[in-house]
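Asks: Okay, here's what each chain looks like letter by letter:
2 protein chains.
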Amino acid sequence: MKLPETSEWVLHAAAVIAQLPSGATVSAAQLSEHFGVPGPYLSKQLAKLVRSGILTGSTGPRGGFRLARIPERISILDLVAAVDGAADPYVCRELRQQGRGAARPEDCTQPCALAAVMRDAHEAWRESLSAVSLADIVAGLPAGVVDKNRRLLG
Amino acid sequence: MKLPETSEWVLHAAAVIAQLPSGATVSAAQLSEHFGVPGPYLSKQLAKLVRSGILTGSTGPRGGFRLARIPERISILDLVAAVDGAADPYVCRELRQQGRGAARPEDCTQPCALAAVMRDAHEAWRESLSAVSLADIVAGLPAGVVDKNRRLLG
DNA sequence: GGCGTTATACTCGGATACCACGTGTCCGAGTACCCCCGG
DNA sequence: CCGGGGGTACTCGGACACGTGGTATCCGAGTATAACGCC
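As given, the protein sequences belong to chains H and X, one line each in that order. Residues in the first sequence are numbered from 0 upward in steps of one, following numbering that gives the first Met the number 0. Residues in the second sequence are numbered from 0 upward in steps of one, following numbering that gives the first Met the number 0.
Each hint should be verified, as a subset may be incorrect.
[Stated by the list, open to error] Only pairs whose alpha carbons sit at most 20 Å apart, straight line, appear in this in silico SDA-like list of lysine to any residue:
| hint | chain 1 | residue 1 | chain 2 | residue 2 |
| --- | --- | --- | --- | --- |
| 1 | X | Lys43 | X | Glu4 |
| 2 | X | Lys147 | H | Gly98 |
| 3 | X | Lys147 | H | Lys43 |
| 4 | H | Lys1 | X | Glu126 |
| 5 | H | Lys147 | X | Glu4 |
| 6 | X | Lys1 | H | Arg125 |
| 7 | X | Lys147 | H | Arg99 |
| 8 | H | Lys147 | H | Gln18 |
| 9 | X | Lys1 | H | Ala115 |
| 10 | X | Lys1 | H | Gln44 |
| 11 | H | Lys1 | X | Asp83 |
| 12 | H | Lys1 | X | Ala86 |
| 13 | X | Lys147 | H | Arg125 |
| 14 | H | Lys1 | X | Arg103 |
| 15 | H | Lys1 | X | Lys147 |
| 16 | H | Lys43 | H | Gly84 |
| 17 | X | Lys1 | H | Gly98 |
| 18 | H | Lys147 | X | Gln96 |
Rather than coming from a laboratory, the hints here were simulated on the basis of the structure. Quantities reported herein were computed from a predicted structural model and do not represent experimental measurements.
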């Protein structure tokens, strides 16, 4: 079980975008330079955030990305789910009802206990990620980093 | 982010093995018939459980697998970690210190806040899985399933 | 009849191909800006 | 000097190859069993 490496890119990129002055935008090329990652591939990931309604993208000169809503209402879970999908990593294929030892349907009125445990764990993971907003991340950045970003974005 | 499909196999197989009479064993071939999954591949996964110290495997006729310790002391996390590894799905590559906008080392005295959030979420997932033991799963099985397994294992 | 030896059949364990998803790249459609020209 | 039109350059968005890890399979090493022959 592993998240795409681009998850980290998207999280850091969103943190930078959140520091933009109101109305300003930043391009994928600028961000790729900022982080030292492949530009076109980063652009591909940011497009996912646009499709998820987290960012809005504008084309043309002075175009780029900006947040679609205030950072207080963007959770880390929103970002991770946008780039990786919201599906549960464990999928129950009803193994108990297959093969020679298949359980009879009348014994399967309750959902599979193992699937329930895995689902609860995933829910705990989601809760933990949704408890932190992008604004919380930005608020915790060291002053030096904020200054550096301000210079980039200004 | 997704778990190997074999995670489900291992969880169900462990639940069956936990119902074995004391001292008895069950072979990978029996289990693969029971669940309708490829035998050699299942054997490969069970070998991981042996390496993790959850099962013990004996060769020869009447050989097979049995639990290495009581099911109360085997958590779902133990099983999942054995088959998928215990690594955090999110790996922090210190993106903040790379590229043109790299933060200075003196601004990175604190660990990356994003990595910390992801780590906490993973820890919540692990806690949730470690709270349930194999004995809990077996105790919750319907009576019909237990009977069916008893007939298989007896 | 009891015991040692041998042959056997069955088990796990690791080494070997195949395939899908993430990774990396490219090019095209669309748009706001800027310059130029005319009034 | 001011307004309109066209060209331009820049942006995002989706379509196209490549590599790594999961999936599936096989065969070999090792061992408890069972039969067999001998004492």
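Asks: Each hint: holds or not?
Replies: Hint-by-hint comparison with the structure:
no. : hint                : in the structure
1   : X/Lys43 / X/Glu4    : holds, 13 Å
2   : X/Lys147 / H/Gly98  : holds, 13 Å
3   : X/Lys147 / H/Lys43  : violated, 51 Å
4   : H/Lys1 / X/Glu126   : holds, 18 Å
5   : H/Lys147 / X/Glu4   : violated, 45 Å
6   : X/Lys1 / H/Arg125   : holds, 14 Å
7   : X/Lys147 / H/Arg99  : holds, 11 Å
8   : H/Lys147 / H/Gln18  : holds, 11 Å
9   : X/Lys1 / H/Ala115   : holds, 16 Å
10  : X/Lys1 / H/Gln44    : holds, 19 Å
11  : H/Lys1 / X/Asp83    : holds, 10 Å
12  : H/Lys1 / X/Ala86    : holds, 8 Å
13  : X/Lys147 / H/Arg125 : violated, 37 Å
14  : H/Lys1 / X/Arg103   : violated, 29 Å
15  : H/Lys1 / X/Lys147   : violated, 37 Å
16  : H/Lys43 / H/Gly84   : holds, 15 Å
17  : X/Lys1 / H/Gly98    : violated, 24 Å
18  : H/Lys147 / X/Gln96  : holds, 12 Å
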